[in-house]
Amino acid sequence: MKIELSLPRTRFVVDEAMEVRVRLHNDGAAPVRVPDPFRNDAWQPTYAITGPAFPQGRRFSARSATSRDQRPAPSDVPLTMVELAPGATHEGELPLSQWCRITVAGAYTLVAELELAPQGGAPALRARSAPLAFELDEVQAQSTSVGLDIMRRGPADLNVAFVQSGSPPSIYDAVITESRPDLGELERAGFGSRRSLPADVSAVLVPWCSGERMMAMAAWRAWISAGRLMGDDSPLGTPAGLALPPGATLVSPAWQDPAEALDVLVLEADARRLQLARFTSHGPPTPPSGAIVWSSDSRDPIAVARLTVGPAALGSPRRVIALEARAGALVISHYAVEPGGSGTPTASLTLPRINALPGRSLALRVTPQGHTRAWLLVDAEEEGWQVYIAHVEFDASGQLVRGVERLDPLVVLGAPLLGAALELVLPESEEPETLVWALRTDDRRVLWSRGGRAPRWYKSPRPSTLAVPMQLCALSQATYLVTMQPGRAPTLITLENEST
Amino acid sequence: MSEHDYLHWGWGPQYLLADRHHPADHHYVAVAVERAAAVIEALAREDPTALPRLCLAAGWLAPEQAWQQDPQALRRRVIDELQHPSGGLALFERPRDESLGPPVDTPHVDDVVDLLDLVDEDSTWIEFRLQDQNDEPFPGLEYELRHPDGRETTGRLNELGIVHLAAIPAGDYTIRFPAAELVVLGEDGPDTGPLAAYGVPRLELHGAGGARSTGWTAHDDPPPADAEPDFWLASGAETVKISYTIEDPEGRAEEAVLELFVLDDDGDEQVLWRRELTEAERGAGDHELDWNGQVDVSAALPEGFVSVLRSPYTLRLRLRGHGEADPLEAFTRVWVDVAELALELGDRTVLDRELDRTLYDTLGGSLPTAGQTKTLALVSNVFKTSSAEMNDNSLFVEYQTLWGAGPRIPVFAAVKVKDSSAAAVLAPRALAGLALAWEWLDVAEDTSALHAPAKTYVDAAIDFDKDLTEPTGDDCHVDRGGKRGPGADPVFPEQAGYAPQAALAAARFPFAVQRHVERANVAVSHAWTDGVAGGKTGVLFEPSRMAGDKWSLRVFPLRDLREDGPAPAAIQASTGTFETMREVHVVNYLKKNASIGDVGMAAFQGYYTAAKVTMEDKSGGSQTMVEADYNAKVAAAVAAQPAFVQAAIDSTVNQYTAGDYAVHFRAYAAFLTAFQAAQGWNAAQLATWLAGGGATVNTASKYHARCKTWAKDIAVAACDGYVHADAGINVLHFSGLYNLETQAGGLQLNGFAPSFTSTGRTKCAFVLCPGPGNYGGDSNSAEQTLTHEIGHHMFLPHAPYPSGSLPGGAQATRHDATFANCTMGYDYTAERKFCGLCMLRMRGWSADWLFPQPDENTRP
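So the sequences go chain by chain: A and B.
First residue of the first sequence? That's 1 in the working numbering, and the numbers climb one at a time after it.
First residue of the second sequence? That's 1001 in the working numbering, and the numbers climb one at a time after it.
Just so you know, these hints were derived from the structure itself, not from any lab.
Bear in mind the structure is a predicted one, so any value in this text is a computation, not a measurement.
Any given hint could turn out to be false.
[To be verified] Straight-line distance between alpha carbons at most 20 Å, and here's what the computed SDA-like set of lysine to any residue pairs gives: (1) 1550/B - 1470/B; (2) 1241/B - 1295/B; (3) 459/A - 1808/B; (4) 1550/B - 1609/B; (5) 1618/B - 1724/B; (6) 459/A - 1392/B.
Same shape as in the complex, but just chain B:
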């Protein structure tokens, strides 16, 4: 016996249990798997020491363990080893002609084996067999054995027609086969008489709604592996019946085992669950067992339920007993699969940023459905704080600082599973291990509503590696700060998730999400199998912050991911379109009095809407300043001015009722008188001052001009108290800035957008102050002024138009070179609208990658 041979058995010996990977010599051939179990059963029954010895020889068990092992367990283990190619054990046999010599040609009724021929006098065991002329055994045939001491014992041949007696005293033994003496042998051998057949002819699953699975036995050809599913189980969510029939009139069944297995990639069985039937359950007749898909917890089925991951499953009922069952096994198949995916807006709780929660609240509790577009309104009240910020990339930086990689929207998918009645139900347990693919798609932009030059510019700019990115599309490219293109931040950022629990944790995303290793626009998530979000999974959808970008999402089982999306037949769910917009708030629209007509807010909003900026009017409509309050504010502002400015204001004048303009000044002569008096100067001193520090007001014309500066200072100081507490735009509306603006030297102003004490990065204010005659003769208007000045607050510098009279600080590189009527210029020959470059900057695009000539922005 080599080191790889663990156990010899039978004559010759006839059987050999050895290492599968070290085949026995050429005298032995492998025993078919189907027969191996019967051989081992016989071996165990005939020689209780055999299997412990095998375990010792194979090194599976230590000696003290081997002899204490449950015989049944040992038997199962050995059989498992033999039945699974992964096992290291194999059963070999020597052909009978070599083990037993010439076969008995014809058994005779008085056939008596001369045991003297069989007994090895040096051994303490004996083995004999009976077979017919066709070498077929007589399993179950009763025998009578006379021992050397005269005793007689009876027994039955095993499945192989063999009797093996071990540890018996040496001597003469005589064996007889009484039954054989009574039968007339046919061609098929002796009639086994009282040994009625037993077996498991039927195994099925029955659903509550009447569904039945297809069953088959070892006698049947199994259905093909890709057979159409005919029985689904919503594992953990419903209970079905395991229905089977056992035929066993003589109670030969000694063991019945239900096994659930799948075929691995090599087509080999992988048993995932085993359940021994009780004696009652294996009794003859029809049986039904309740089953909800629960199995043993294992690495393959960690939830302890059959899941979508390994579906389909084959359920097998196997009988073992006295003699070989027929049918030995019955089978049926069960599928666990996704029936339906439904997308929903996830729970607000999971969001950890206030601005995301604010955005969430605008979504109306749902995601866009097919054909529907929902706006992701990114509140972004960010304004310039210095002139330099119009010319550099501060808008991009500040917007990025505010919204980072983008807004975050929790998108959940309820994953429903087919139950036995083919209905879609939530069955969280069935989802263990199921990977879902989340894919975002770039929805093409429709620029047809833009004015022609802007359309040309924007069309050129969004035509940027359109077909070279994954996915293809025209959303803002990563080079301009977007999320389309290589190296972009993920639209579905990875999440650690956490274990299912009874309530969602605040500010933590519940589901684990990983990036797909190959597809830039795909992420993978897994569902919770329990807890408050059982049966759901999700992603944190984080589109770019770029206004104008459009997106749609779809989710489907990862197994169905193909080159261009999900397989056509895949269960999937899709959203409609998300469109990102910026949202800026007009928080305050205050007029000096009701006689001042409202500026056309809708027209102002329209200019910005084209740039994908929603100017949300939260002001509640125009309000008017209150007389006493206004006068108090102006008085306080004047009091803080230098003495010469104070002298220009007559404190007895009611600033509110003096006119619709912001500030009322004294006439020049009165100013000089008042200042001289206030300073206690004589005429010479006044003259000296007018030649010195007061040189800029030494004529009425200069004074009228200078009052513009003073009026702005006073108006800004007075109106600072009107700046709303909320972030956004404040519009303060007067009709005229000051009373002397129409006097010679006076300067009229349509409006100005200064920095107030109370304004800053998140608040801005604009003083709209066109006098009654300021507009006319061209296309300029209060709405245009408002749009222009707020444009400055929105980081936009002047456009270099008209070219013959450039506005101060005009930045040619920050405007479309082909469009002279940009809102940010002073060319009033036609209605001004934002140029394409301004639009894209306000959308959030990086100015560093936008060029004045439209076609410079296209790639390749």
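Okay, chain A solo, but in the shape it has when bound:
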């Protein structure tokens, strides 16, 4: 009887999802009944791990790892046995990182042991695997991007990607699931390396999705490398590049539509022109194709812009709102973005003595009727940070149907504002949208509010900091914020639970 352990590779990062392959092989001449290791109540075999996190070693079984029963041999818990004919194997994956959380980087060794006393005429069973060595590296995340699925109701997935520093750097993906939206409880459904990156890449975008992301074959990521916008539709394929004007930056969020196209809004270096890059997936190994499909007219310097994709029922229309700074005023422009279409705003309005806030201080949506509704956080042109919120609406033809009737004061900050975020929780019916805003005053502190509730402070515990740019994920019942901690994967914290 032999037990063999294997991993797909030998280097991982801390917290990465690791599945160890277990192979039971009857190398004897007689049938053998062995405990099925792929059942959670299996208290045999056991596994012993040693390494920096467990200098004395730690032994666990499937049962001890998945229940509170830590007894080594609970006689009242029957083992589920499988019979292996001579030469037969029984194999599968075990969720090692789920069963044994390892939070310290370093070299580790894992051994599986099977040891059963004689039972009911069956002989004793004893087997021990060869040690399986692997190494965990610290996470060194340079940036984080979270993609939301805006059409998803109820428990949602948060698709996270970050750039892990290294030689070369690499993209790591994670899927965070709301296990209890009512409690704001999250659990990790996946976390692993996606692909290596050129050394000049420091940030990656995960698009927001206006369809059912899990149905898609494409899982887009985008980044800038060597002056090119790269679109990557699958870890199995090859990214495609698209030349960008020098110094251009990506406007978050990018979007993946139900047809699995990726749209990325690009702001030129002088901030006077927006471009829309679109990538189409053809399935690996064929690389995706991409092109600039739309450009705006040259404008006054654009402080904040945001792209959104409307309902599929309306043909997934793209809309852009841009906030331009013009002679002490703020100009709000609305664009109906169509490939090859006009770069002239469909409508604009000017707010005097108002400044845009840095960050993602603009939220917008396209309603089922095709209207574009936008909200923006602004700063009155007075001393200090007096933050207001404004609302505008454009009809399906892009004409202004609701101007800024008033500026609603939110808060006066006593500390410098470093960044703002504004997001919407979309209603399921005709109810008003829920607004969630956050104002960041330093690396660790943010004042936030949801649905008009009294603002509360979140202060991230040391040594964690807020991710830059600040990303606010407003889901149906809870609000999440991305934080970073040296050596650990980026973490989403539940603002409702962590604020004072």
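Take the given structure of chain A and dock chain B to it, following the hints.
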């Protein structure tokens, strides 16, 4: 005559009617009140023009009125003015030696007054008197007067022994006193002969049961003002006899008046009722008049009945007639007083909120009696609708929104009055103006049943300005949302009330209620004197909504309110104890099948009872899902899922019979096959998907884990149809969530409390799904899970225990920092129970004023 002198009369003149406040000159002295009436009677009789002239001079009447006035009415008015200090009129007299000169030393039988000496030739009137050597008059003495024209007339001297003839022609008059010629004068003066005494020697009240009031006459010393009551009248509810005797053999009585008066604060009489007896009623002999306490309607007695308000009353019978009666007056006293107060649950009709009516129906139609405790079960099916609401003060706000300032219970008091037989009877009329004081008291809480850490916490929290509030006590302080302490909403809110009527109006409180100006825990109400609630009054008892608060009420006449409650001897009534509890309903307990053992509902209820929350099981016990219905619900739920989830379900599998768990999934390989087929993909496309959108299910282990999420989604969607129509908690019980939860990567779940489509603020649901092996090795149990998850619905966040593995979203500030085994934590090393802070929050206390360290909650 000064401007303040209205009328001179008699020689000198002898009498002067003048403004009381501008005394006459020093020659005059005030006439005693007792004599004044007789003087005025004589004046009116002798000179019919005198009183009209007085009224003119005093400016009381216009000329045309003065001469048309009823002489009797004028006389009464003048006498009233003289007898009451408040009147502006006073009667003065000049001492006789100054008015008549030296007195006649000895009257002689042939004493003839030379009228020439008396007549003023310029006047048209004459007045003369006869008196003895002691200056005593001869009232009633017959005289004969010869006029200048030779006529002779006869008459009798008045009470003062005076004759005043006005408007007579000038001339010689001769007067004789024939009777005086026939008598032998004694020391006391002449015998008045045929003028037999008359008077009212007896006045009493007789009750039907034989009670008699004490009477007295002017000859007697009146009983002291604080004499023990000896005759009560249930005014308007019984009829007694006014019994009196008039002695008047010669029919001298010309007028008899019954008067009812009270003494005001200055000890002066305030006449509240006057009734002239008829000629028959004032005839000589014993008389009885029926009387039920009815009097004239006046400001003092607006109901027209004697009432408790002015009691005791003195009834007086006064005679006036020819000569002064003796005894002139007789008196007796009658009391109207509260005999008994009885508290009762008021009429349901008056309540205007449905939730109050629901509460009312739980009270069994009565208030708690002494020594008894009744629960005010405040139905409050309010649940969180977002995670944020566990961490802020939403529970307080939502409970406040539901119950406002508290439940409203109509508490009525039947006020009975003593009747003449000392029995307590309803006599609404007698209650006019009676103010009753309603006082609420804070009944101390007994925390001895709490587990030790909770007791420590709760004891500390309720020790909050205990001795500084009015009343003192430990009910929830106003700072925490309660009603004890300054500025709190009233426990007896003010009511406008409405006039008595034949039926109570719906949704309107009938009795006027005012707050007491000085006592925060006292209100004042008045009884209806008529109508369907005649003889009753009440308050709308509105205790705080805070569960655990205990109250008792008492009512007593306001006049008996003392510093520390009612005077010891006060008539009063008290309730037993009201204890507020929250009541939350378990409306539905549904198991997948009968083989699943029932969760211990009693244990679950016990945890909440300690927090003053009654988890009322209205489910009727566990029910089981029906196979066909369940399968249909699951099928519908699956059909609404994305294609990859649908592929994980084998539609040919009977979801109901597949197991006791909620959802049965395909094995991983079968899932991949099914999904690939459903999508029409080749192997490469499937591989691409598993690297792309399907990355979270690209191994069996991941699939097994992912199925947990899908199972929850399907279970929630399928079970939404099981959510009961009524507000409350739905418990949906499975044994296991899904078939693959025991496979590698699969995740077992004891339960979860999601938001269903059909749940919301008033409804919640909980899926209890521990697999057969989920519990064991520690103190966790299905009952604990149920209690914990419902705790989340009840706005409670996780407790920060165990500290080494904090539950998600744990809120240290929302839990007792000294108790690690709060129900809301995950420390299973000991039985978990709610910490004190959780308990007080669930009671309804504001979380803003509850702190983790127990002693932080004490003041001062």
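Hints versus structure:
1. Distance restraint check for residue 1550/B and residue 1470/B: the Cα-Cα separation of roughly 15 Å lies within the 20 Å cut-off, and the hinted pair is therefore satisfied.
2. For the hint linking residue 1241/B to residue 1295/B, the alpha-carbon distance of about 15 Å falls within 20 Å, and the restraint holds.
3. The suggested pairing of residue 459/A with residue 1808/B holds, with an alpha-carbon distance near 17 Å, which does not exceed 20 Å.
4. Proximity of residue 1550/B to residue 1609/B is assessed by CA-CA distance (about 15 Å); at most 20 Å being required, the pair is judged to hold.
5. For the hint pairing residue 1618/B with residue 1724/B, the CA-to-CA distance comes to about 11 Å; that is within 20 Å, so the pair holds.
6. Our distance criterion of 20 Å between C-alpha atoms is met by residue 459/A and residue 1392/B, whose separation comes to about 17 Å.
Of the numbered hints listed earlier, not one is contradicted by the structure.
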